[in-house]
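Chemist: Residue numbers (our numbering), protein chains in the order written: chain A, 1 to 213; chain B, 1 to 213.
Be aware that a few hints might be false.
Where chains are identical, the list cannot tell them apart; a pair therefore holds if satisfied intra-copy or between any two copies.
Said to hold, decoys possible - Below, computed lysine-lysine pairings styled on DSBU-like, alpha-carbon distance capped at 35 Å:
#1 K162 with K102
#2 K126 with K162
#3 K44 with K162
#4 K44 with K55
#5 K50 with K162
#6 K126 with K102
Just so you know, the hints here were simulated from the structure itself, not pulled from any lab data.
There are 2 protein chains.
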Amino acid sequence: MRDQYYEELDHIVDELVQLTGTVRRAVSDATIALLEADGPVAEKVIEGDKAVVEKAEAIEERALLILATQQPVATDLRQLIATLRMLADLQRMGALSVHVAKIARRRMPEVAVPASLHPTIVAMAKVADSMIDSASSIVASRDVAAAMRLEEEDDEMDRLRKDLFRSLLGDEWEHGVESAVDIALLGRYYERIGDHAVSMARRVVYLVTGQMT
Amino acid sequence: MRDQYYEELDHIVDELVQLTGTVRRAVSDATIALLEADGPVAEKVIEGDKAVVEKAEAIEERALLILATQQPVATDLRQLIATLRMLADLQRMGALSVHVAKIARRRMPEVAVPASLHPTIVAMAKVADSMIDSASSIVASRDVAAAMRLEEEDDEMDRLRKDLFRSLLGDEWEHGVESAVDIALLGRYYERIGDHAVSMARRVVYLVTGQMT
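Can you make the complete structure from the sequences, with help from the hints?
Modeler: Structure (structure tokens):
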């Protein structure tokens, strides 16, 4: 009975790591859709989000069932509570990748991002990808040191977002209002994706150390 | 001992309702700061958010303590889990009101919102205020019917946000890129504030009916 209980807890962690991988691909696909104005990839992201939501809800139900029937205490309890929160983070990251894909789709066949800003968006997407990857490792291995590194990556993300806004608001902006609005929102979406990765990592730190960062 | 336990649970609901009131005022103050370019009110919102975070963390700690020590089951367990999630919603709403106040502050002494868009922003702020008020009543009274009405208010919010974007992207936009970026972000912030109110209501519905909407 207790063995089965621990198996269930481990299984939930595995599924959380797997779902993080799915969300990571969604973010990366959304960036491809955005920078290459690739319609089928955009649709894949938008349609694929249903599976993310369903999977998150399935894991959530299992976590709640364990909470209700096994009455875990101490670390196990904290782990399940952290799981519920990380599922919320993952669902938001999925929703944000859909927002990116929808901006890409709305501007097709044009590319929503002016060529001069491709490097910044590529850099933001790369940092986001690395942050989600770090979050996944942290969830899998409870590596608190990696969680600290993630905070540094988040600083880099903030710096990139500020660069993006400086380009938008500089005198040399020549891509019109619609494009500026898209870029402002895209900057915000990638930044929020990074924030959610940080939030996941903080949940693990709290789990391991009992301290909120 | 059990009496004290139920008192604690009730006390947490009271504190949640109180914190919702604080956040509601922050959103409303942020709108005043925005539309009247009122510096002291903007500072009040920005500084005041620390108290929101601290209060949310204090309630969270108490909820976790009850979870760990009292091992609640069934409805009590669901209520505490719902509380943790609603606290996350409230913290996000507080952070979003800070974002609104910071846009207001950055453009001072100018008003960040062009006069022609004041009515739309006023309407969005009014819907947001009403949604937070509804969420608060729903938390206090577990009024599931009110939760359904809140979804309708959310539709109104979406409609207003679309109006706002239509103004931005129409040919007659004459307020420049910086203003367009501000308005796009503001539209997003009010929309997300509404989303979090809906999310709070859904948590109560789930609590009462056991069904996710």
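Chemist: Could you tell me which of the hints above the structure violates, numbers in ascending order?
Modeler: none
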